[in-house]
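Number of protein chains: 2
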Amino acid sequence: MKTAAIIIVGNEILSGKVEDLNARFLIAELRALGVALRHVAVIPDDVEAIAAAVRGLCARVDYLFTSGGVGPTHDDLTIEGVARGLGRRVVRAPTLEALLRAHFGPDALDSALRMADVPEGAEMIGEELRWPVCLVQNVYVLPGVPEIFRRKFLAIKERFRDTPFVLRSIWVRAEESRLAQGISQVAAQIPEVEIGSYPRSDPDGPVVRITVESKAADAVARAVARLVEGLPEASLLRTE
Amino acid sequence: MKTAAIIIVGNEILSGKVEDLNARFLIAELRALGVALRHVAVIPDDVEAIAAAVRGLCARVDYLFTSGGVGPTHDDLTIEGVARGLGRRVVRAPTLEALLRAHFGPDALDSALRMADVPEGAEMIGEELRWPVCLVQNVYVLPGVPEIFRRKFLAIKERFRDTPFVLRSIWVRAEESRLAQGISQVAAQIPEVEIGSYPRSDPDGPVVRITVESKAADAVARAVARLVEGLPEASLLRTE
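Those protein sequences? They're chains A and B, same order as listed. Here the first sequence is numbered in my numbering, starting from 421 and rising by one per residue. Here the second sequence is numbered in my numbering, starting from 421 and rising by one per residue.
Keep in mind the hints are simulated off the structure, nothing from the lab.
Treat identical chains as interchangeable: a pair holds within one or across any two.
In silico SDA-like cross-links for lysine to any residue, where the CA-CA straight-line distance does not exceed 20 Å: (1) K635 to R581; (2) K635 to E449; (3) K437 to K635; (4) K437 to R451; (5) K422 to R579; (6) K437 to T583; (7) K635 to A448; (8) K577 to W551; (9) K422 to V586; (10) K437 to W591; (11) K577 to A456; (12) K437 to E633; (13) K422 to D466; (14) K437 to F585; (15) K422 to N558; (16) K422 to K437; (17) K437 to R588; (18) K577 to G454; (19) K437 to R581; (20) K577 to N558; (21) K577 to E543; (22) K422 to Q557; (23) K437 to R629; (24) K422 to A456.
Please work from the sequences and hints to get the whole structure.
What follows is the structure, given as structure tokens:
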């Protein structure tokens, strides 16, 4: 099973000035692609914080995505942070520099040309994009502006596609603690499924949604059947 | 300046089955309270992942909040993870056990009584709550169900109140790279303010929002004045 993590670089998110849209978007996309997301970190615009997050996550997942911090200003520190996290130097990419000079003209400012800097060994992917995605090792460096983030991810998403997840849900009217033992048993018997249990208050009494998921549809079906069998009498509301 | 971090424990968030509402709520609340949020981590229902996140964050901030994983089922592992992260044992809290027995009656199930388990040395806070908040060291353990998460946080929020932040914004019509040098200079001259720069595409050309913030209103005012002075001619749209 392919796994992923997301690093959102952004003081603006942590301070509530801007709401995160990119993690939310990517969570749904990765799920639909069949990729298991293991971690989302929202961290400040700080080189050491970025480097520490990259260092901590890149070896634990197949794909690590970063969002934000790639513009021309003093608070754009993701390239430096990713490079430091991977133990690489920052170098100027000639292909990106050429793109910037074409856009800004011959007297392009240094601050603009900074956007051509990448961690050494980075690869540019997403050929049909006007501005490519920087991939270094297993780290995909994406911009923070949500429309651009989406456009870039959509341009490269097919490379991540994997066997889809199968998810089923069982809605039960009961106190969650009355279901706990039965759920634990099935979880132990069929370890290839992941079982979640989510209580909700409801005017007619407590309701629990039990979720069962896996990439193996037969294991999901078996677990759902056993869970339903083990429910307290007349507590099943519906399955989905 | 008081600082905080948030750990959202939840496979259901990582897999996109449920949208995170608790981090979003707490980001806004902490901001309004004048507390600087340094990190948000969304992690799986896994004891070692929880322990590692707690261990990594608790010494770096004044307040660490966890959300989720505190019910009676096999996937509720936050108490164990927090205890392990802080190097403490899990013990049963007599006050919580009494509350559970009062609710579930004399034949309360073991799975229900598990909700009385806390890391050793935990304190119960939020007296007016039917079910208190578990505070251990600087870690506030909150439930994942959004309505209950909110109710509990609102009951204890005044203990976190600090000097408020002052935020001002400058909207500019320009390419961000043309502003970078001026912003960097002011950021270096007035280090007590935090300056952010957020480009946006607009049909009439590029727009950048420059944000200036600090707990020192005079420093913010000075930085805004210098930034406005340094803008390219006729590029200022408005300040706020």
